[in-house]
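Colleague: Note that the protein sequences, when read in sequence, are chains V and Z. Numbering of the first sequence is given in this note's numbering, commencing with residue 1 and proceeding in unit increments. Numbering of the second sequence is given in this note's numbering, commencing with residue 1 and proceeding in unit increments.
Keep in mind the hints are simulated off the structure, nothing from the lab. Treat the hints loosely; a few may be bogus.
Unchecked claim - Among chain Z residues calculated to face chain V with C-beta under 7 Å, some are:
1) Ile-39
2) Ile-45
3) Ser-103
4) Gly-105
5) Asn-114
Where is the CB? At the ideal position from N, CA and C, for every residue including glycine.
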Amino acid sequence: MLLKDFLDKKIFAVLNEGKDLDRELTKVFCCDLLSIAMSKAPSGSVWITVMGNVNAIAVSVLAEIGCIILAEDANLDETAFAKAKEQGVTVLKSSSPIFDTGLIAHNLLNG
Amino acid sequence: MTDAIKLKYIVSPDDFTRAGEASSDVKGKLKKMGIEPEIVRKVAIAMYEGEINMVIHANGGTIDVEITPSEITMVLADTGPGIKDIEQAMQEGFSTAPDNVRSLGFGAGMGLPNMKKYSDEMDIQTQIGVGTTVTMKVYIK
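So here's chain V without its partners, still in its complex pose (with noise of 0.2 Å):
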């Protein structure tokens, strides 16, 4: 599934639209800790993490990861928010906890 058409479901509240909404996102992953998250999502994935740092906008940009969604209603930090719309990375958000998040996008790319 394209990155533009699993916005198209408005699923996940939007907190940054980012570029490249054409590439193809491939698969679910989820993990909080960064150097994990760096070597191990896929390039294209979905991450569902709580970290709304810039840290975590930088590892996207490095690993090509295909958007962000942070879970539990945590939120981009200022900075990060700045970075994220500088990089053009898309950051979605959801109240549910990690494994509900995963789930439902795994659903959305599997649908």
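Position chain Z against the provided structure of chain V, taking the given hints into account.
Modeller: Just chain Z now, with coordinates in the frame of chain V:
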């Protein structure tokens, strides 16, 4: 591309908001040069982990990057405390990162293991109280 391209970056101490800028810059340059995405990813991950290590443990430092047609070499040099036990530091899950750093999502003990995993060659020279120099190479061909 016949000549080597040389880049130099200064890594600021304790500045987590800027950590990753050097890696992002190198990643962008490699992409523009048309380097294969998997190689770009390897360089980006290895270098970011090194950059973060320098911010967390070593009061920053310098990163020299050299790109030739056959390989990318990254030399990360700091004047930090040095690594007491390299073998232990290379084990996945071993971390000496303080709590404030862990709360940012770091400190998983994956830094050096990831650097080794994503580079084709890695050499660590370290001396307690003097500093650490990590040299990593990623082959292009």
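Colleague: Of all the hints numbered above, which does this structure not satisfy? Sort the numbers upward.
Modeller: 1 and 3
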